[in-house]
Each structure stands twice: as structure tokens, then as C-alpha cells.
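K.L.:
So the chains spell out like this:
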Amino acid sequence: MSTLLEVSGVSVSFDGFKALNNLSFAIGPAELRAVIGPNGAGKTTFMDVVTGKTRPDEGRISWGEPPMSLLGKSESTIAMAGVGRKFQRPTVFEDQSVADNLMMALKKPRSPFSVLVFKAERDDYARVEELARVIGLETQLMRKSGELSHGQKQWLEIGMLLAQEPQLLLVDEPAAGMTTAERQKTTEILREAAKTRAVVVVEHDMDFVRRLDCKVTVLHEGSVLAEGSLDHVTQNQEVIEVYLGR
Amino acid sequence: MTDATLFGPARGPLVLRYPSVLVFLACLGLFTLGVTVLSEGLGSGVISTSFVKTLGKTLCLCLVALAMDLVWGYCGILSLGHMAFFGLGGYAIGMWLMYERTRLIVVDSLAASGLPPTVEEISSGIATQIFGVVGASEFPPIWALAHSLPLQLAAVVIVPGLLALVFGWLAFRSRVTGVYLSILTQAMTLALSLYLFQNDSGLRGNNGLSGLQNLPGMEETPQALVSIWFFWGSALALGLGYVLASWIVSGKFGSVLRGIRDDEARVRFLGYPVEAFKLFVFTFSAILAGIAGAIYYPQAGIINPAELAPIASIYLAVWVAIGGRGRLYGAVIGAAFVSLLSTWFTGGQAPDLWILGYRLQWVDWWTVLLGLSFVAVTLFAPKGIGGLFDLINARRTPQRHGQDLGPDAGALREKEADE
Numbered sequence: 001m002s003t004l005l006e007v008s009g010v011s012v013s014f015d016g017f018k019a020l021n022n023l024s025f026a027i028g029p030a031e032l033r034a035v036i037g038p039n040g041a042g043k044t045t046f047m048d049v050v051t052g053k054t055r056p057d058e059g060r061i062s063w064g065e066p067p068m069s070l071l072g073k074s075e076s077t078i079a080m081a082g083v084g085r086k087f088q089r090p091t092v093f094e095d096q097s098v099a100d101n102l103m104m105a106l107k108k109p110r111s112p113f114s115v116l117v118f119k120a121e122r123d124d125y126a127r128v129e130e131l132a133r134v135i136g137l138e139t140q141l142m143r144k145s146g147e148l149s150h151g152q153k154q155w156l157e158i159g160m161l162l163a164q165e166p167q168l169l170l171v172d173e174p175a176a177g178m179t180t181a182e183r184q185k186t187t188e189i190l191r192e193a194a195k196t197r198a199v200v201v202v203e204h205d206m207d208f209v210r211r212l213d214c215k216v217t218v219l220h221e222g223s224v225l226a227e228g229s230l231d232h233v234t235q236n237q238e239v240i241e242v243y244l245g246r
Numbered sequence: 001m002t003d004a005t006l007f008g009p010a011r012g013p014l015v016l017r018y019p020s021v022l023v024f025l026a027c028l029g030l031f032t033l034g035v036t037v038l039s040e041g042l043g044s045g046v047i048s049t050s051f052v053k054t055l056g057k058t059l060c061l062c063l064v065a066l067a068m069d070l071v072w073g074y075c076g077i078l079s080l081g082h083m084a085f086f087g088l089g090g091y092a093i094g095m096w097l098m099y100e101r102t103r104l105i106v107v108d109s110l111a112a113s114g115l116p117p118t119v120e121e122i123s124s125g126i127a128t129q130i131f132g133v134v135g136a137s138e139f140p141p142i143w144a145l146a147h148s149l150p151l152q153l154a155a156v157v158i159v160p161g162l163l164a165l166v167f168g169w170l171a172f173r174s175r176v177t178g179v180y181l182s183i184l185t186q187a188m189t190l191a192l193s194l195y196l197f198q199n200d201s202g203l204r205g206n207n208g209l210s211g212l213q214n215l216p217g218m219e220e221t222p223q224a225l226v227s228i229w230f231f232w233g234s235a236l237a238l239g240l241g242y243v244l245a246s247w248i249v250s251g252k253f254g255s256v257l258r259g260i261r262d263d264e265a266r267v268r269f270l271g272y273p274v275e276a277f278k279l280f281v282f283t284f285s286a287i288l289a290g291i292a293g294a295i296y297y298p299q300a301g302i303i304n305p306a307e308l309a310p311i312a313s314i315y316l317a318v319w320v321a322i323g324g325r326g327r328l329y330g331a332v333i334g335a336a337f338v339s340l341l342s343t344w345f346t347g348g349q350a351p352d353l354w355i356l357g358y359r360l361q362w363v364d365w366w367t368v369l370l371g372l373s374f375v376a377v378t379l380f381a382p383k384g385i386g387g388l389f390d391l392i393n394a395r396r397t398p399q400r401h402g403q404d405l406g407p408d409a410g411a412l413r414e415k416e417a418d419e
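For the protein sequence lines, the chains are R and A, in the order given. Going by this note's numbering, the first sequence opens with residue 1, and the numbers climb by one from there. Going by this note's numbering, the second sequence opens with residue 1, and the numbers climb by one from there.
It is possible that part of the hints are untrue.
Claimed, not checked - Which stretches of chain A does chain R cover? Using the computed rule of at least three CB atoms under 8 Å from a CB of chain R, they are:
no., region
1, 220-230
2, 271-277
3, 347-353
As the list claims (entries may be wrong) - Label pairs and their computed distance ranges (CB to CB):
no., chain 1, residue 1, chain 2, residue 2, range
4, A, N207, R, E121, 55 to 65 Å
5, A, W366, R, K144, 54 to 64 Å
6, R, R89, A, V363, 29 to 39 Å
Quick caveat, the hints were computed from the structure, so don't treat them as lab data. Idealized CB from N, CA, C, for every residue including glycine.
Taking the hints into account, I'd like the entire structure generated from these sequences.
P.N.:
If you want it as C-alpha cells, here you go:
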């Protein structure tokens, strides 16, 4: 299987603290992957490095086919290259309607001048409506997204990610603060998305990870501790120590 | 379902899709007509020429407030140096006005002496007239284009635009945001002002440029008429600026701008080059401010470096805050309301107040009142005067609050979501 994203030997340190320590990670073009690990294991830093928010001290990040390096690229360039990111807290533009949020995320030219003369056509509206249906917000299009419930905001953000049509989705704790019914729907959305692209889910909640039913990577102290099915990694002695020994 | 009617491709011209633009233009038109009919120059004379000038200047201040609202209210860049661009626009037009008028006077006086004057004689005559006050008699290099109206008009746009472009590029590229950016912009306007205060800056130091109200070659035209022309010019500029600004903030561009204001990092991860957007809006806004200044100072008659002092830009921010930032008409209302009120209070027309035997004179106390109202607006009415229009609108549109926010029973209710 070819790889879409390959992170090799990446290290990041903040004031002497090694957030990532010689981390290597690879994911294929249509794969669902859960990344778990205790607090401070480097899960969020891993995402920061891939999306260009944090520059690694050393290591390589290669992306796509033919491979290109993501090192030194700006956040917006990396996003346009096909990496979408969802934050831990739902971050949607609360002051704007659901439709505006989705419209902004649609894959279109991003330079100021092309945005200035952009005029949404029938197709674009159709696409926004379709996305809204996927995330279950088709009746809420004209609502200010600030009025949505916590779970709906999370979905809207996932919808915005899908609108970007990324090849890789990085999702940080999508199920945090959701009700059971909402979690179920989130699982469905993510699994559906992973059929056509790579999805990396960072999650604390083991039940949620089990429901995703995918390969799991365990991070600890900035590097990969174990990798495999959930059952496989939960039987790993080191993983048990890391999780229970704290 | 209401969605079907609201959601879909936009139709019709901008002014029809956004009624507030139409209402604004109608108000501006009526106001212009009213002032014209009551003016000394063309009407009954109820409004004095000096007050027509005050009103014209106020419209220019509204335009610069509009520019400020674009960067601050929509894009979240609190620029505390915007009056620098306004002043530069004024200096650019002032140079031509002063040069050309002095030239006509010099040519006249040399012609009276008999022999036809040489080009050098005229040039040194103008230079002595203009720069005698700072002890110089030669043109500094920056006056090289002052003889040409089209070139100086171009400078009105280019100089503030270029300064904003370079300053913005340096600041935004280094991701300077928030209060640090505000401090930088203050430093910019302060530095510019201090530089212009020097006699060898080439712009007559603290004397500034004066006599700008006299249009060269139109000495015969009474000021009553000139003032009305400038008033119309100001109204036209404000109207056009308003429509242009509405167009910019109405579509997806406005969406991205507000996104940058609310969560810059998120916009970046959506793939938008945030710095380029900021630079675009900052430069555009500086150009708008420059144009406003170029129409303002011929009505004021004089420009000096004190106009670029940091306090001027802070006042601008106060107007926009009181008017209501994040909505264009709010900025216009704030600028008009506060600056006219300020004229009234500081003009000595406001009656003194007796408090416990202390005579409170508004000329001294007006700034205190303004400061207090700024604090009050920030704390208690962050939407400013423009927020009043929301109250009116809320009356007309049906209440849809109090229902479940989500599709299922477990979803948060509105009250919880607010918390």
C-alpha cells in the first residue's frame, strides 16, 4: 500500500521538554487511524507539526505522490495541499450562519482577489446543502452557528473539513462532550469519510475508539509505543503500564 | 420552509439585496439636498458657510471612520495610526494647492515689474514664499511633483497606500497581532508626526500647509460656493466609499474577514492566506483614509503635523466604538455624532454647568465626558449606537427563541448555550 503521509524521525522540544521524540508515523490514502495516548504524549503537537503550526527541530515529513516535503510550508499552503484539521474545541465562526461557514470552507481559489470577485453559483449552494445533509444540519442552514448545540458545532466543523475536500483529515477529540446518540453519528460520519480519504482521529475515549474499529497508534512521551488493532495494543504490557501506572 | 427562500444564489444589485445600503444612500442624498437648499452659496442662507464646511468635514471624518471600521470592526485589526494616512492624503493635495496658488501670485507680481520673468525667477520666488517661514528658499526634493495636479492626486492614493502596504507587510508577516499591532501603529503615526514637525522635513515643519481653502485660479469664486462644491465632493466620496465597502464585506470576502477577526488560526487552517487578506484590507482602508483626508483639508484650510498625532487616531477608534463597530453605518453614525457634538462642546456654545458652586466649562470637560462615554459604551453597550437598530429590527422579526437548539431531545437549549 502506498503512503499518503510519512512522518519520520521528527523531534520537537519546547524549552527543553521533548514534546515529540524521534516520532515516525505513516498513513495510506484511504485509511482510518486512531491515535491514543495519555496526556502530554504529544498527540496535539503531532498535529501541529503536520499542519505547519509548529516547526520540528529535526525529521522529515513527506506528503502525497510524488512525495513533497511539508517542512517550512505555511499553514494555508499545507491546508490547500489537502490536509484538513479539526480542533479539540469546536471552532466554527459563531457569528456567521451554518451556510456561510460551509461556503467559506468549500474548495475554491483562496487568494484575496479571487475571493473578492467570487460569486456562489447554483452548484456551490447544492454542494453546501449536500454537506449539510451529511452532517445532519440541513434544516439549520440559515442559523447562526453560535446558536448550535455543542455536538452540532462539532459536526459543522467536520462538515467544513469535508467541504475542503482534503486527502487527509486530522481530527482532534471529535467526541468530547457529546451525548451517546451524537457520538454514534460522529462515528458514522468519520467512517464514511475514511472510505475516500485518510482520517486520523486523536481520542482519549476508549469506547469511541473501539467503535471506530480501526488500526490504533499509541503515543507515549513523544514517540510511538505500539501500533495495531485495539485489542492488540490494549494487551501490550507497556501500554497497560503507561495507562494504569500513572 | 424559510431556508428555501433565503438560501440560494444571490440576485439583483447590491443595493437591493442589502436594504441598509439603500437607506443609507437615501439619507445621505436627502441630507446633501437639505444642506444645499439651506446654504449661503446656493440656497436660503440659513446655514452659514463655515457650518457647511464643518458638515463637509464631518462627512470626510465619516469616510475615514468607515475605513477604520473595515480594518477594526470587520478584520479585527485595531489600527491606532489611521489618521496618519488621512493626514498624508491632506498633505499630498495641500502641496499642489499651495504651490499653484503661490505660483499665480508670484507670476502676477513679477509681471508687474516689467521684464518677463524667467523660469528660475518664478521657481525661486515660489520657494521663497512657501519656505521663507522655515528659513529656506529652495524646493526640497519631495516637492518635485507639486506643480502637477494629476500627479499630486495620484499621490493622495499612492503614498498612504504604499505606506500601509510596506508597514502591513512587515507587521502581518511577523504575525504581530492584537495590542502589539496597535502599539506599532501608534508608533508609526507618532514617528511620522515628529518627522513632519522638523523644519527640514520639507513640509514647513510645525507651520504645516495653509491657505488650502483658496482654490488656485478661482479667487473670484466666493467661499460660500466653494464650500458647497466640497460638501458635494465629500458626500459623493462617502456614498461611493460606503457602496464599495458594503460590496467588500457582503460576500465571501466579508465572511473571511470576520473569520479572521474571530479566529485567525482557524481561517489559516481552512487554507486562506490570512496575511494577504489583512494586507489587502489594511491597504484599501489606508487609501480610503487618504482620499478622505484630501477632501477634508481643503475645507479645513490648514494642515500641520499635529493632525497626525497619536491622539487623533485614538479619537477615530472612539468614534467607531461609540457608533458600533462591525457595521458600516455604525461607524458613520459614530463619527458624525461624536465629532459634531465635539464641535458644539469645544466651540463654547454649550452652556456651562454649575455643580456645587463649581463652574464646569465644557471646553475643558468635554474630553472627560467623551472618555467616560467610551468606557460606558465598551462596558454596557458594546454594539454602540448601531445596536439600537437591532432593537428596532428585533421588534419586526418574529421571536423564534426558546426552542430546542438541536434536532434531538438531548440537545442544549438556548439558555444553556449562552452560558
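K.L.:
Next step is simple, just say for each hint if it's right about the structure.
P.N.:
Verification of the hints:
no.: 1; hint: 220-230; verdict: violated (count 0)
no.: 2; hint: 271-277; verdict: holds (count 6)
no.: 3; hint: 347-353; verdict: violated (count 0)
no.: 4; hint: A/N207 - R/E121: 55 to 65 Å; verdict: 58 Å, holds
no.: 5; hint: A/W366 - R/K144: 54 to 64 Å; verdict: 39 Å, violated
no.: 6; hint: R/R89 - A/V363: 29 to 39 Å; verdict: 51 Å, violated
Of the numbered hints stated above, those contradicted by the structure are hints 1, 3, 5 and 6, listed in ascending order.
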